[in-house]
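Add chains B and C with the ligands to chain A, keeping to what the hints say.
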Amino acid sequence: MTVALFLMVLFAAMTVGVPIAFALMLTALALMVHLDFFDAQLLAQNVQAGFDSFPLLAVPFFILAGELMNAGGLSRRIIDLARSMVGHIPGGLGYVAIAASLMLASMSGSAIADTAALATLLLPMMRKQNYPDGSSAGLIASGGIIAPIVPPSMPMVIYGVTTNTSISKLFLAGIVPGILMAVSLVLVWRGIARKVQLPVADKSSWSERRQQLAASVWALMLPVIIIGGLRFGIFTPTEAAVVAAVYALLVATLVYRELNAQRLYRVLVDAARTTGVVMFLCGAATAASYMVTLADLPSQLAESMGPLLQSPILFMAVVCVFLLAVGMVMDLTPTILILAPVLAPLAAKAGIDPVYFGFVFIFVGCLGLLTPPVGTVLNVVAGVGRLRMEPVIKGVLPFLAVYVAMLALLIVFPSIVLGPLKLMF
Amino acid sequence: MKWLGTALRHLVEGLMALCLVGMVLAVFGNVVLRYVWGTGWVVSEELSRLLFVWLVCLAATLAFGEDKHLGFDLVTARLVGWRAALLRWLSRVLIALALYYLITGAWAQAVVGMDSRSPVMNYPLALAAGGVLVMGVSMAVLLVLQAWADWRGQAPAEGDAA
Amino acid sequence: QDIKPRMIRFGYGLNEQSNQGRAVKLFAQEVEKASGGKMKVRAIGAAALGSDVQMQQALIGGAQEMMVGSTATLVGITKEMAIWDTPFLFNNVQEADAVLDGPVGQKVMDKLQEKGLVGLVYWENGFRNLTNNKQPVAKLEDLNGIKLRVMQNNVFIDSFKTLGANAVPLPFSELFTALETKTVDGQENPYNTILSSKFYEVQKYLTVTNHVYSPWIVTVSKKWWDGLSKDEQKILMDAARKSRDFERQDTRAEAAKALADLKAKGMQVNELSPAEANRMREKLGAINASISANVGEGLWKDVQAEVAKVRAGK
Ligand code: NA
Ligand code: NA
Chain A
1 MTVALFLMVL
11 FAAMTVGVPI
21 AFALMLTALA
31 LMVHLDFFDA
41 QLLAQNVQAG
51 FDSFPLLAVP
61 FFILAGELMN
71 AGGLSRRIID
81 LARSMVGHIP
91 GGLGYVAIAA
101 SLMLASMSGS
111 AIADTAALAT
121 LLLPMMRKQN
131 YPDGSSAGLI
141 ASGGIIAPIV
151 PPSMPMVIYG
161 VTTNTSISKL
171 FLAGIVPGIL
181 MAVSLVLVWR
191 GIARKVQLPV
201 ADKSSWSERR
211 QQLAASVWAL
221 MLPVIIIGGL
231 RFGIFTPTEA
241 AVVAAVYALL
251 VATLVYRELN
261 AQRLYRVLVD
271 AARTTGVVMF
281 LCGAATAASY
291 MVTLADLPSQ
301 LAESMGPLLQ
311 SPILFMAVVC
321 VFLLAVGMVM
331 DLTPTILILA
341 PVLAPLAAKA
351 GIDPVYFGFV
361 FIFVGCLGLL
371 TPPVGTVLNV
381 VAGVGRLRME
391 PVIKGVLPFL
401 AVYVAMLALL
411 IVFPSIVLGP
421 LKLMF
Chain B
1 MKWLGTALRH
11 LVEGLMALCL
21 VGMVLAVFGN
31 VVLRYVWGTG
41 WVVSEELSRL
51 LFVWLVCLAA
61 TLAFGEDKHL
71 GFDLVTARLV
81 GWRAALLRWL
91 SRVLIALALY
101 YLITGAWAQA
111 VVGMDSRSPV
121 MNYPLALAAG
131 GVLVMGVSMA
141 VLLVLQAWAD
151 WRGQAPAEGD
161 AA
Chain C
1 QDIKPRMIRF
11 GYGLNEQSNQ
21 GRAVKLFAQE
31 VEKASGGKMK
41 VRAIGAAALG
51 SDVQMQQALI
61 GGAQEMMVGS
71 TATLVGITKE
81 MAIWDTPFLF
91 NNVQEADAVL
101 DGPVGQKVMD
111 KLQEKGLVGL
121 VYWENGFRNL
131 TNNKQPVAKL
141 EDLNGIKLRV
151 MQNNVFIDSF
161 KTLGANAVPL
171 PFSELFTALE
181 TKTVDGQENP
191 YNTILSSKFY
201 EVQKYLTVTN
211 HVYSPWIVTV
221 SKKWWDGLSK
231 DEQKILMDAA
241 RKSRDFERQD
251 TRAEAAKALA
261 DLKAKGMQVN
271 ELSPAEANRM
281 REKLGAINAS
291 ISANVGEGLW
301 KDVQAEVAKV
311 RAGK
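Protein chains in written order, with this note's numbering: chain A, 1 to 425; chain B, 1 to 162; chain C, 1 to 314.
Just chain A, with the same shape it has in the complex (with noise of 0.2 angstroms):
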C-alpha cells in the first residue's frame, strides 16, 4: 500500500513534468497525510539532512578534483595516454572508462563520489568522440557502482555495524565479484562498440606512447596519492577526496599552467552548480526515505517472509527480487538500515552464511542506484553530464542485464563468494 502510492504520487508529479526532487518531495508529503501526521517541519528538515552531512562533502570534492582536471589539462593528458595505448581498439575510451573505475573503486568506498569523478573526467571526452552519450553514461554510471563493491566500501561497514558481520571478512568477499563485475562490463562494452561505429585511431608508436607517459606522469600520481594516502593511513575517504582537489589546482596553475584566475573561478562556480543539483535531489530522496521508514515497511515484509525459509536458493531469490524493487524507490544507505537488520536474522534462520548474504545484499543494493525512480548513481551521470534521463536510462540496461545475469549466478553458485574468502582465510 505504502509503496503503490509512493510509486503513483512520484510518477503521476514527474509526467505531468515536476523535476525529479520536487516530485520526491510531494511524495513525502503525500505519505505523511497517509500517515496521519502531517508536519511541514519534517519536510524541511529532511531535505537539510539530506546534504547536511560530512561524509557526502566528498561529493562536491570529486566533482571540484574532476573539473580541475578537466579545465587544468590533467584529464587531457590522462586520455591521450589511454588514447595512445588502446585508441586503436574500436571503443577504447569505453575500455578507459571499466580500467579507471576498477582503480577508482579500489581507492574509495562511495559510488557517488566515484560516479562524479568518473563522468566528470570522461563523459566530455567521449562525447568529444561522438560516442553515443546514453550508452557513455550507462557504461560509466554501471563501472561507478563497483566502488562499494571492491574494498574500501562505506556501504559494507555499515551493513557489518548494523547486523554484527565481519567487515573485513566484507571487505575480501567484494574483491572477485568487483573484477567480476569489470570483466563483464568489457563484454558487454565490446558488443556495443561492434554494433556502433565509433572513430578508430592510428596505432601509436612506442616512442609516441613515451612521450604521452612522460607529459601525463604528474596527472597519474593523482590515482597513487589517493591509494597510497589511503592505504598509509595519511588521511580519511573524504580527505581524500580534497586533497585530490588541491593536487589537482597545484598540478593544473603551478606545472601544467593551463588555468588563470578566471578559468579557475569559473571551475568554481561549475563545481557548485553541479554539486547543487546532485544533492539536492539528494535532500529530497532523504525526506522521501524518512516516511517510508516511518510507514513501517520492515515489519510488514518479515511476516510475509516466514515459510521461504526452508530453501536457501529460493529464499536468496525473493529476497534479491524484493530488494531490486526496493532499490528502485529507496537510496542505498537507508536501505542497508532499513532492512539489513530484519533480512540478516531471516538469512541465518535459513542457514545461509552471513558474509555471503551481506555481500549479496550490498551488490543487489548498488543495482537499485542503477534503476530509475530513484536511481542515485543515474542522478549523478545525468546531473554531471547534463544529460536526460531517457537515454541514460536505456544505456543502462544492457548493463544491469549483466548484472542480473551475474547475480543469478551469485545466488545458484554461492562458492564464487565464498570459495576465494576460504582461500583468504
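The hints are simulated quantities; they were obtained by calculation from the structure and are not laboratory data. These numbers were taken from a predicted model, which means no experiment stands behind them. Backbone N, C-alpha and C define an ideal beta-carbon position, used for all residues, glycine too.
Restraint ranges, calculated between C-beta atoms of paired labels, are given here:
1) Pro345(A) - Gln249(C): 23 to 31 angstroms
2) Val93(B) - Tyr265(A): 36 to 44 angstroms
3) Lys33(C) - Leu35(A): 18 to 26 angstroms
4) Met1(A) - Lys301(C): 56 to 64 angstroms
5) Asp2(C) - Val21(B): 53 to 61 angstroms
6) Leu18(B) - Leu409(A): 49 to 57 angstroms
7) Arg252(C) - Leu254(A): 54 to 62 angstroms
8) Ala275(C) - Val36(B): 34 to 42 angstroms
9) Val21(B) - Leu314(A): 53 to 61 angstroms
10) Leu254(A) - Val93(B): 49 to 57 angstroms
11) Lys128(A) - Ala85(B): 36 to 44 angstroms
12) Tyr100(B) - Arg42(C): 23 to 31 angstroms
13) Val36(B) - Glu271(C): 32 to 40 angstroms
BS3-like mimics (lysine-lysine), calculated; alpha carbons at most 30 angstroms apart, straight line:
14) Lys134(C) - Lys169(A)
15) Lys257(C) - Lys134(C)
16) Lys263(C) - Lys349(A)
17) Lys169(A) - Lys263(C)
18) Lys283(C) - Lys79(C)
19) Lys182(C) - Lys139(C)
20) Lys79(C) - Lys115(C)
21) Lys204(C) - Lys169(A)
22) Lys4(C) - Lys242(C)
23) Lys257(C) - Lys169(A)
24) Lys265(C) - Lys349(A)
25) Lys265(C) - Lys139(C)
26) Lys79(C) - Lys242(C)
27) Lys349(A) - Lys257(C)
28) Lys195(A) - Lys128(A)
29) Lys349(A) - Lys25(C)
30) Lys257(C) - Lys242(C)
31) Lys230(C) - Lys38(C)
32) Lys128(A) - Lys68(B)
33) Lys422(A) - Lys204(C)
34) Lys234(C) - Lys111(C)
35) Lys265(C) - Lys169(A)
36) Lys38(C) - Lys4(C)
37) Lys234(C) - Lys79(C)
38) Lys68(B) - Lys394(A)
39) Lys422(A) - Lys263(C)
40) Lys182(C) - Lys422(A)
Frame of chain A, contents of chains B and C with the ligands only:
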C-alpha cells in the same frame, strides 16, 4: 529589471564559489594541521558542513532559475499547444505546493534554531535551517516570475534571474 | 482516567538489538500496558529519524514526540548539560546514579523546559574507556604522542591535549576507517560501543580509564507534553522510570560481557590505577575551571557537594 537579475546571479555565483573554497580550506586545513602540527582543527567538520548546506541551497536555487533540475520529459516533450500549457501550469502548481510546505517548515525550524547552538562553533542552528528557507523563498519568487513571463506570452528566459 | 488515543514517535540512534533498543521497547510495552493500549509508542531506531541534533530540533518544533540521546548534544541548547562532560566526575556507577537521579540531576534536566524540551530520566551510555594501537596506557605519560580521536567537542579536545595526547577531532562515521588505516592511533568509547563497532578488529590495547561517564537522556517535546492530561503524563513518567532501572541493569550486564568478549577477541586489557587517575584529574584543573565557568559556579559546587555526600555515605 534585466540588470538586477544579472547582478543577482553574479552575486549568487560568487557566494557559491566562496562556500566551495571555504569547504576546501576547512577540510584540507585539517589534514595539514594534523601532519604539520600533529593536531586537528576542531571547527573543521562543523564549518565545512554549514558551508556545504549554503552551497547546495544557493546552487539549487540558481539551477532552478536556469531550469537545470533533472526531470522526465517523456510526456511533456511530445505535447504542443494548450495540452502542453496545461501540463506546464499543473506542474507549476505542484512545485508551488512543495515549495509552500518547504518554506513553512523551514521557517518553523529556523525559529526553533534561533535558540539552539552547534556544539563546537556555537553558531545558532537557525543559520543552517535559514539556508533552506532562503532557497525555498527564492525558488518561489523565481517560479512566480517564470509564471508571469509565461502568462504574458514570453518564453521563459533562460537564466534571466537567480 | 483521562487517556486519549495517542501515537508517540520515539526515535533513537542505535539499532533495535542494542541496549538502547531494548530499553525503548520496554518503555513502549509499559506505556501500552498502563494506558490500556490507548497510547502507542512507535520505536524507531538506527537514526532513521535523523541524528540526535535533528531529532532534538524536531521535538522542540513539535514534529516528533520523544527521543533518547546523548546529553552532550544538548549542550547547544542548555549549557548546564556540559556538567556531565566533566572528566573523572564520578568514580563508579553508584555515584553517577545518585547524582543524576538526585536533586541536582533534576535541576539540570528542568533547565531544558525553557527551550521546549521535557527531560524525563537519565539512562546510561557508560563509562568511556581508551583503546589504541601504540602501547598499553598505564600512566599519564603513556598518553604522550598518541594520536587520539575525540568527539567534536571542545571539552574533550582540550582535556586530552592537556593530558599530552594528540587530540584529533573526527566524526564517528569516519572513525572505523581512520583506525583501520592508522590515520589515528586510538579512540575512547564505552565497552559496548567498542564491541558493537568492531574496534577490536583494528585496535590492540584497551585501558580501563573510566575517564568520563556518558549518560543518555530521555526527552519529550514540550509542545506535545503540555497538551497531555495529568494521567497521561504520569503514565509516561512511570514507564520512563521503569525503563531507566531496566536500562542501567541491562547496560551494565552487557558492558561486563562486552569486556569479556573484547578480551576473548584478543585485546590486551589493563586498568588505570586510582593513583594515576588522580594524577590525570589534577592535571585537568584548568579544564574543570572552564566547565565551572560555563555551567555556572553554583551548579558546579552543587554537583561537587552531591558527589562528596555520596562518597562520604559509603
Ligand atoms: Na571501494
Ligand atoms: Na533505484
